[in-house]
Amino acid sequence: MSMNQPELNAVTKVPLKQMLRVNLRTYSMIIALFAIWILFTATTNGIFLTPRNLSNLFEQSAETAILAVGAVLVIVAAQIDLSVGSLAGLTGGVATICQVWLKMNAVESIVIALVLGVLLGLFQGWWVAYQNVPAFIVTLGGMLVFRGIVIGLTNGQSISPLRDGYVAIGESYVPPMVGIVLAVLAILGYAYFLIRRRQTRRNFGFAVRPIASDVVLFIVIAVVIGVFVYVMNAYQGIPIPIFIVLLLALLFSFIAAKTRFGRSIYAIGGNLEAARMSGIPIRGRILSVFALSGLMAAICGIVLTARLDAGTVDAGTNFELNAIAACVIGGTSLMGGVGSVTGAVIGAMVMGSIDDGMSLMNAAPFWQYVVKGLILIVAVWIDIQSKRRQAA
Amino acid sequence: MSVLEMKGITKSFGSVKVLESVDLRLESGEVLALLGENGAGKSTLMKILTGVYSADAGEIRLDGQPVSIHQIQDSRALGIEIMHQELSLFQNLSIAENFLIGHEAAYRTGPGLIDYRKLHRDVAKALLRVGLQRPTSTPVSALGVGEQQLVEIARAIQSKVRFLIMDEPTAALTEVETARLFDLIRQLRADGVGIIYISHRMEELYQIADKVEILRDGKFIGTRSMAGADERELIRMMVGRDVDERYPRRDPVPGEMLLELKGLTTHRVRNIHLNVRAGEVVGLGGLMGSGRTEVARAIAGVDRIRGGEMRFRGQPRMFRSPGEASAAGVAFVTEDRKREGLILSFSVRENLALPTLDQRKRGGLVHRARERAFANDMVHRLRIKVANAEQAVGSLSGGNQQKVVLGKWLAHNPDLLILDEPTRGVDVGAKQEIYQLINEMKAEGKGILMISSDLPELLGMCDRVYVMYQGTTQGEVKGESLNEEDFMTLATGGEL
Chain A
1 MSMNQPELNA
11 VTKVPLKQML
21 RVNLRTYSMI
31 IALFAIWILF
41 TATTNGIFLT
51 PRNLSNLFEQ
61 SAETAILAVG
71 AVLVIVAAQI
81 DLSVGSLAGL
91 TGGVATICQV
101 WLKMNAVESI
111 VIALVLGVLL
121 GLFQGWWVAY
131 QNVPAFIVTL
141 GGMLVFRGIV
151 IGLTNGQSIS
161 PLRDGYVAIG
171 ESYVPPMVGI
181 VLAVLAILGY
191 AYFLIRRRQT
201 RRNFGFAVRP
211 IASDVVLFIV
221 IAVVIGVFVY
231 VMNAYQGIPI
241 PIFIVLLLAL
251 LFSFIAAKTR
261 FGRSIYAIGG
271 NLEAARMSGI
281 PIRGRILSVF
291 ALSGLMAAIC
301 GIVLTARLDA
311 GTVDAGTNFE
321 LNAIAACVIG
331 GTSLMGGVGS
341 VTGAVIGAMV
351 MGSIDDGMSL
361 MNAAPFWQYV
371 VKGLILIVAV
381 WIDIQSKRRQ
391 AA
Chain B
393 MSVLEMKGIT
403 KSFGSVKVLE
413 SVDLRLESGE
423 VLALLGENGA
433 GKSTLMKILT
443 GVYSADAGEI
453 RLDGQPVSIH
463 QIQDSRALGI
473 EIMHQELSLF
483 QNLSIAENFL
493 IGHEAAYRTG
503 PGLIDYRKLH
513 RDVAKALLRV
523 GLQRPTSTPV
533 SALGVGEQQL
543 VEIARAIQSK
553 VRFLIMDEPT
563 AALTEVETAR
573 LFDLIRQLRA
583 DGVGIIYISH
593 RMEELYQIAD
603 KVEILRDGKF
613 IGTRSMAGAD
623 ERELIRMMVG
633 RDVDERYPRR
643 DPVPGEMLLE
653 LKGLTTHRVR
663 NIHLNVRAGE
673 VVGLGGLMGS
683 GRTEVARAIA
693 GVDRIRGGEM
703 RFRGQPRMFR
713 SPGEASAAGV
723 AFVTEDRKRE
733 GLILSFSVRE
743 NLALPTLDQR
753 KRGGLVHRAR
763 ERAFANDMVH
773 RLRIKVANAE
783 QAVGSLSGGN
793 QQKVVLGKWL
803 AHNPDLLILD
813 EPTRGVDVGA
823 KQEIYQLINE
833 MKAEGKGILM
843 ISSDLPELLG
853 MCDRVYVMYQ
863 GTTQGEVKGE
873 SLNEEDFMTL
883 ATGGEL
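Protein chains in written order, with my numbering: chain A, 1 to 392; chain B, 393 to 888.
Errors might be hidden in some of the hints.
To be verified - Taking lysine-lysine pairs in the DSS-like style, the calculated list, with each CA pair at most 27 Å apart, reads:
1) A:K258 / B:K753
2) B:K510 / B:K439
3) A:K387 / B:K439
4) B:K730 / A:K258
5) A:K387 / B:K409
6) B:K654 / B:K603
7) B:K409 / B:K399
8) B:K552 / B:K399
9) B:K439 / B:K730
10) B:K603 / B:K439
11) B:K409 / B:K730
12) A:K387 / B:K730
13) B:K409 / B:K611
14) A:K387 / A:K258
15) B:K611 / B:K552
Just so you know, the hints here were simulated from the structure itself, not pulled from any lab data.
Whole structure, please, built from the sequences with the hints as guidance.
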């Protein structure tokens with residue numbers, strides 16, 4: 001096994017190979033997603049791939065995706081948050097109460113819901129980080145408490161109608177022209193990112209990847225963005241919930257990969273003791289992770305109630321399980337230390353696609369549960385198999 | 393009288409050839425030392441012998457007959473037992489229950505039922521044999537490391553063992569426990585057991601081994617009779633080059649006073665007195681369990697200080713967290729690199745960068761390119777053997793992992809460096825490199841507090857050594873008294 005002195009020129013060769021392998025694993029989920037789409041397109045005589053259906057599908061995956069984005073950080077830190085479904089129900093419910101009973105406007109009610117989400121996240125985080133109660137217990141408790149409060153507050157009635165500005169969050173679309181402008185900006189932004197990266201590498205004297213590989217990467221991303229906006233515009237434009245998911249996914253990917261905060265979360269999940277010895281403030285970090293999770297639950301609650309145009313008692317029930325499943329399908333390890341935001345969003349889309357495709361096929365709803373459950377198991381099994389093959 | 397032979401054993405993991413046509417011959421009633429650097433293939437060879445791995449080519453013969461060993465049960469049936477380097481006991485179970493695992497069939501009284509009376513009787517006998525005076529129902533977690541090692545030995549030899557493999561059995565033992573272990577080995581040898589003994593401690597091999605076989609880079613280098621074997625020759629065979637002085641100590645140039653402990657007390661240690669100046673290497677020794685690591689933990693802000701005084705750079709200071717200590721310029725290189733030192737899911741680069749994320753930040757962000765440049769630099773400076781800094785740290789050998797742990801703290805440019813067992817489980821070549829690093833830091837004017845169970849190393853590398861006994865500093869050996877006799881006198885509670 002022992003190799004000689006690290007040869008700096010060896011750096012050129014191996015990372016490429018490694019990159020390819022990592023990419024293959026990340027992309028295997030995307031490939032699986034496309035496979036599912038092709039399958040449903042075939043079984044539904046092409047209805048599945050129509051812009052209208054894809055728009056619906058994305059919109060329905062949005063709530064799971066928002067929670068999953070928050071859950072990635074929690075799970076990577078080797079914690080768990082079972083309360084997000086109930087918390088989404090509670091924060092969404094409070095937003096509707098603010099509008100309907102207290103006559104507040106949309107912005108005020110949104111701010112209150114978001115603040116409430118963060119505060120309740122902090123509350124749970126405090127129990128976990130400072131009182132050492134396991135996250136499973138704290139958030140299982142939170143799940144019951146928050147659901148109880150929703151029922152108490154609303155007396156079991158549904159609350160509507162909501163303000164137009166609020167409902168727009170769930171039901172309106174980014175105008176097609178704006179969508180095109182955003183797509184162009186995103187593509188230009190990505191080009192800028194690639195060029196900057198090449199420059200930095202050159203400045204530090206690292207081997208720069210062959211220009212062809214960057215060009216291919218750019219074309220693929222540009223085509224994906226273009227096709228996505230084109231298809232969405234072919235219906236009514238990008239649904240606002242999807243737009244929110246994209247923004248959050250971008251933001252959280254950035255936090256996870258680029259910030260010291262993100263790196264320390266991965267360190268804590270990878271090896272708590274080593275992270276502590278390296279001087280990372282463990283408690284503060286865990287507290288923050290739960291606060292973020294609470295914030296995401298509130299955003300989810302707002303999108304959910306806005307889409308339904310009502311606050312209901314059972315809003316968000318079982319959402320936490322869907323979010324956790326989405327993370328796991330997307331490659332996040334429940335042992336902590338491993339996971340990606342992109343993976344979680346793709347995981348949410350896999351689950352959404354199955355729901356959508358099977359209802360298009362007029363399959364009885366129970367089949368959705370069965371199939372999603374099996375997909376979850378198989379996804380993790382594939383991951384374990386590929387790791388074993390790598391190790392051997 | 394029987395003979396165990398491995399012939400032409402070859403094994404690859406992926407594209408990496410770990411063993412290449414390796415032979416081994418062990419007779420009953422003989423102790424064969426297996427010597428080689430970390431990564432030389434010793435462990436893999438032993439795993440093939442015990443059926444954990446299958447060889448790609450080659451065969452195993454017992455008394456001339458080829459035998460097939462494909463799983464652990466196969467080797468057990470042939471009377472081959474192994475004691476692993478890392479303790480493999482179930483911490484949550486009692487001593488007796490640990491004996492039961494893997495031997496349930498012998499204690500079966502009915503479907504799914506266990507004969508606990510017979511088990512406890514047998515275990516008590518086995519414990520007697522290794523000289524461990526503990527009730528068989530004691531939970532393993534209540535035992536010290538040395539005692540656990542004895543349980544492991546007792547477990548390995550209770551069945552009809554014909555060949556016993558011991559992988560670094562003395563790594564965590566005190567002198568007394570080591571002596572007892574050696575008595576045990578001699579007794580087993582007299583009973584006709586063939587023993588393969590793996591250790592990095594040369595002195596031990598001369599005491600206990602009959603023959604020595606050397607591996608290097610997965611290849612068989614040679615065997616020697618231990619009696620009269622030249623230590624320098626063995627090291628040369630193992631490393632592939634000459635290694636100069638074993639402990640290249642440099643003369644200290646003591647500078648300002650960095651650390652002073654006056655009567656420091658925590659819940660584990662009490663009344664600790666010691667000081668470290670810039671530009672010197674100060675040892676902290678004592679028997680296992682005497683509280684050495686606990687002193688380090690108190691200094692570095694891991695354990696809370698309950699009494700006494702600690703001064704750092706002349707100022708009274710007490711660190712409330714490792715983060716606070718490292719910000720003040722104290723680095724604590726922990727003993728257990730897998731548990732406290734490394735994040736195994738991270739690459740070498742990410743591990744190296746962890747304590748010093750601040751130094752390369754740009755607006756609170758991780759600066760990837762700077763981090764890579766920094767990691768490449770560290771890999772080069774510490775001569776860490778990796779293809780590149782993106783390699784997973786878990787795939788490195790013990791010595792290289794230890795260098796990564798050292799590297800992550802060196803990057804911090806601390807004033808005071810606490811090294812807890814910096815060379816445990818590290819091969820001879822890497823040890824030398826770590827010694828060189830220690831000397832470099834000393835020359836740069838850093839203060840070093842070094843803990844080690846390897847007595848020759850401690851006395852060889854340190855300018856003076858504080859000796860601990862039962863949770864307190866019993867005394868200091870320096871100058872004339874920097875020798876094993878005086879050290880042991882203090883370590884066993886005596887006075888100089």
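Handout entry: Holds or violated: K387 of chain A to K439 of chain B, with C-alpha atoms at most 27 Å apart
Key = 21 Å, holds
Practice task
Sort out whether K409 of chain B lies within 27 Å of K387 of chain A, counting only the CA atoms.
Solution key: 20 Å, holds
Practice task
Would you check the hint for K258 of chain A and K753 of chain B, treating anything up to 27 Å between C-alpha atoms as holding?
Solution key: Holds - the C-alpha atoms of K753 of chain B and K258 of chain A are around 10 Å apart, at most 27 Å.
Practice task
Measure nothing beyond the straight line between the CA atoms of K510 of chain B and K439 of chain B; if it is 27 Å or shorter, mark the hint as holding.
Solution key: Given that 27 Å is the threshold and the Cα spacing comes to 31 Å, the pair is violated.
Exercise for the section: Assess, step by step, whether the Cα of K730 of chain B is no farther than 27 Å from the Cα of K258 of chain A, and give holds or violated. Expected result: 26 Å, holds
Practice task
Verify the proposed pairing of K603 of chain B with K439 of chain B, using a straight-line Cα cut of 27 Å.
Solution key: Distance of about 21 Å is within 27 Å: holds.
Exercise for the section: Would you mind confirming whether the straight-line C-alpha gap from K409 of chain B to K399 of chain B stays at or under 27 Å? Expected result: This hinted pair holds, its Cα atoms lying about 16 Å apart.
Exercise for the section: Could you grab the alpha-carbon distance between K552 of chain B and K399 of chain B and see if it respects the 27 Å cut-off? Expected result: 25 Å, holds
Practice task
Could you grab the alpha-carbon distance between K409 of chain B and K611 of chain B and see if it respects the 27 Å cut-off?
Solution key: 10 Å, holds
Handout entry: Pair hint K387 of chain A and K258 of chain A, alpha-carbon separation not exceeding 27 Å
Key = Between K387 of chain A and K258 of chain A the Cα gap is close to 26 Å, so the pair holds against 27 Å.
Practice task
Assess, step by step, whether the Cα of K654 of chain B is no farther than 27 Å from the Cα of K603 of chain B, and give holds or violated.
Solution key: 50 Å, violated
Problem - Pair hint outcome, K387 of chain A versus K730 of chain B [Cα-Cα no greater than 27 Å] - result: Given pair K387 of chain A, K730 of chain B holds - Cα atoms ~20 Å apart, limit 27 Å.
Hint violations for this structure: numbers 2, 6 and 15, all remaining hints satisfied.
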